[in-house]
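Below are the chains, spelled out letter by letter.
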Amino acid sequence: MIADALLPTVWAGLLAFAVLAYVVLDGFDLGVGILFAVERHYDQRSVLVNSVAPVWDGNETWLVLGGGGLLAVFPMAYGLILPALYPTIIAMLLALICRGVAFEFRFRARSVFGRFCWDAAFFVGSSVAALAQGLTLGGLLQGVRHNGPVYAGGWWDWLSPFTVLCGVAVVAGYALLGACWLIWRTDGDMQTRARGYAWYLGLAVLGLTALVSLWSPFLHPQFWVRWFGWPNILLTSPVPLLLAALAVGFRRGLERAHHLTPFLCAIAWFTLCLGGLGISFWPLMVPPDVTIWDAAAPAASQRFLLAGAVFLVPAILAYTIYSYWVFRGKIGADTHYH
Amino acid sequence: MFGLNAIELARAQFGFTIAFHIIFPAFSIGLASFLAVLEALWLITKRRVFLDLFRYWLKIFSLGFGMGVVSGLVLSYQIGTNWSGFAQRAGPVVGPLMGYEVLTAFFLEAGFLGVMLFGMKRVGPALHFLATCVVAFGTLLSAFWILSVNSWMQTPAGYTIAPDGRFLPADWWAIIFNPSFFVRLPHMVLASYLSVAFVVGAVGAWHLLATRGRNEAARTMFSMAMWMATLVAPAQIMVGDLHGLNTLQYQPAKVAALEGDWDTERRAPEILIGFPDMKAETTRGAIAIPWLGSLILTHSLDGEVPGLKQIKPADRPDSTLIFWTFRAMVGIGFLMFGLGAWSLYARRKGRLAEDRWLHRAAVVMGPSGFVAVLCGWITTEVGRQPYTIYGVLRTSDSVSPIGLPGVATSLVAFVVVYMLMFGAGIFFILREMAHAPVAGEPGPSETMPQRASGIMPGAQQLHPAGDPA
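Going down the list, the protein sequences come from chains A and B. Here the first sequence stands for residues 59 to 396, where the numbers follow the numbering used here. Here the second sequence stands for residues 652 to 1120, where the numbers follow the numbering used here.
Just so you know, the hints here were simulated from the structure itself, not pulled from any lab data. Being a predicted model, the structure only gives us computed values, none of them experimental. Keep in mind that a hint or two might mislead.
Using 25 Å as the maximum straight-line C-alpha spacing, the simulated SDA-like pairs for lysine to any residue come out as follows [said to hold, decoys possible]:
no. : chain 1 : residue 1 : chain 2 : residue 2
1   : B       : K710      : A       : F174
2   : B       : K710      : B       : A777
3   : B       : K772      : A       : I379
4   : B       : K930      : B       : L972
5   : B       : K772      : A       : Y377
6   : B       : K710      : B       : R1082
7   : B       : K710      : A       : A167
8   : B       : K960      : B       : T971
9   : B       : K772      : B       : R699
10  : B       : K960      : B       : A939
11  : B       : K1000     : B       : L860
12  : B       : K960      : B       : Q1036
13  : B       : K710      : A       : Y382
14  : B       : K772      : A       : R386
15  : B       : K697      : B       : R865
16  : B       : K772      : A       : L266
17  : B       : K710      : A       : F171
18  : B       : K710      : A       : R168
19  : B       : K963      : B       : N897
20  : B       : K963      : B       : L896
21  : B       : K772      : B       : E1083
22  : B       : K960      : B       : L946
23  : B       : K710      : A       : C175
24  : B       : K710      : A       : V170
25  : B       : K710      : A       : F165
26  : B       : K710      : B       : R865
27  : B       : K710      : A       : Y377
28  : B       : K963      : B       : R1045
29  : B       : K710      : A       : P279
30  : B       : K710      : A       : D101
31  : B       : K772      : A       : Y382
32  : B       : K710      : B       : L841
33  : B       : K710      : A       : R173
34  : B       : K772      : A       : R166
35  : B       : K960      : B       : N897
36  : B       : K710      : A       : Y100
37  : B       : K772      : A       : Y380
38  : B       : K710      : A       : L299
Whenever a hint applies, use it, and build me the whole structure from the sequences.
The structure is reproduced here in structure tokens:
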């Protein structure tokens, strides 16, 4: 049995994993929606949608798990973060609704105008959801003013140059994941175009990641000490080096026309970024001063849900991996739906 | 804004989004079970008509399920955006139950929906039937956890309260199986079944009217739906009665409010129609039947029925709305019972497929189940006020510190987006229903994308194009 004091650490790890799963999985399918901006033809867009259609629903369930898990295990953080970032959360939810239904309805619309509207809803929904998630991340990173467990900040606290930078970075990052997904899952002209998008998006994401990484240590003294203090710097310095190595691998993957390498590099890139966030945050749940122990539910609550999660999360993972296996293979331009 | 404060707007917004959300799961719970029955009948009898009906309703199921997923996502976060006080205090108790709902039910349904929608050809009938049953079981499991949370908020048990005001779990068994859970869960599941039965009945009746009774699939679905009305409506009335007894025992204020009773008395009358006035502490223009109130609520002419005056004014639920929603729900229940009895009579006369007035009535009753579900839900949740956790945590202590303009803006945004998106969804569902089921009904079109996270195969796999990666 796990000791009570260790439970919040275990749960923080599990929730971080849920966030990573969500960001990577829904990231590429939101990214595919963002790429509607440059993929204009209806049939091409159908290929994009079909490539993610079998899996998007399950991808989004990780977001529900993130919300539900936060409520169950860190209720204090849940009740503090959501009011603080109310506008960005509500915007994200509304955007995800638009996108979720447009998915289904764009194939049922019979008029050109109807198709245009649902495509627009899909594009705007995907983009706004990504932007809102970036703003939420930025808002959390820059810290939440509070009085005990109650949010004490203002209506516009979430909006700052830093949060906008984070928002843009997440939009670009998701679009990159989407483009790399398409390199893997399509062929012919579509794949060639996706390589082009991935090239520019890769450059943009590299730049934006560097900006966010350089900016965030200045937000709180803790972040600075964590990254640049001695002896931490010994542990943190490999992170940027690994990022650079991945960038090289990504470039070679594109140049040598690999199918899967760019996507794997992009996923590893996101994983590293989240790892970097973990380094900054730990053991905080809500900067500047709420730790995971402050935010945690009583041990009885954590233990009760953990008992089920240790069996259910692996089962869910197993059939998720199996579903990706079943749906493997190219979505060629000649196999789109008539 | 209209003299409303931030709490009332937060309630309005939450109520609006849940009102939409409750419709789709109610539809999914009933329809998933109906689909499992249809497939079982097809496997047993090998009659083509059951497969046709299965495929016909499967397309509609996939639309409704998708909307349930996205509207449910909203709720996972809205509890925090609107009710952070509730989340922080009650999170240790209700959070894990909701966590189990996501882990056991949500992933289960989302996972096997793909097989159910598109996997018939690939996995064969037996495995496919298993997938249908898993999805149906998943919807019931969802209902189990969510109704457990909801019941706990009505009749909290198995907890202690910490000095800082947080609810701490003491006995999970007592929390999950709290005193009103045993009546609330069957009441809701039967309500889902009845709602779907009346939708199916209305669609069958519509096509019977259009084809003058010649469509075999329409005849079959109408007959099945009317059996449900005949059998389940009386069962639901009995469960509803048990629910009433339970509420009288644990939430007398709610019973007093929904009955519009002010004075606690024995041999209480039943007010059929009236206008409760919370300020004047009376129900105006009441038309009442002597002794009936005691008879219904206590099953005895002499039983004592609570009145609102025994409760402090600050602790009273507002009677003006729930007096009417309760009557609408009960009235619809008896209309359903009446239609079931009428159909039984027509069936015995051998006129079930010919009685055009019965068909017209069934068409009109099509949405009645959803109206009853909404009315019942309003009755029980508004009747819980002014508490979020009955008798323990007030709504005013549950609300988030969000200013009026913020809540008002987001309320407007929710209304606009929901009207557009779910309005379109309902339009597409009605368009599917408007086309008559045909022999050799195609399933969810393989020229359309499969939208679920399925563990199974879909259209892409029917066109393998090689994978050089």
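Hints that the structure is at odds with (numbers, increasing): Hints 16, 29 and 38 not satisfied by this model.
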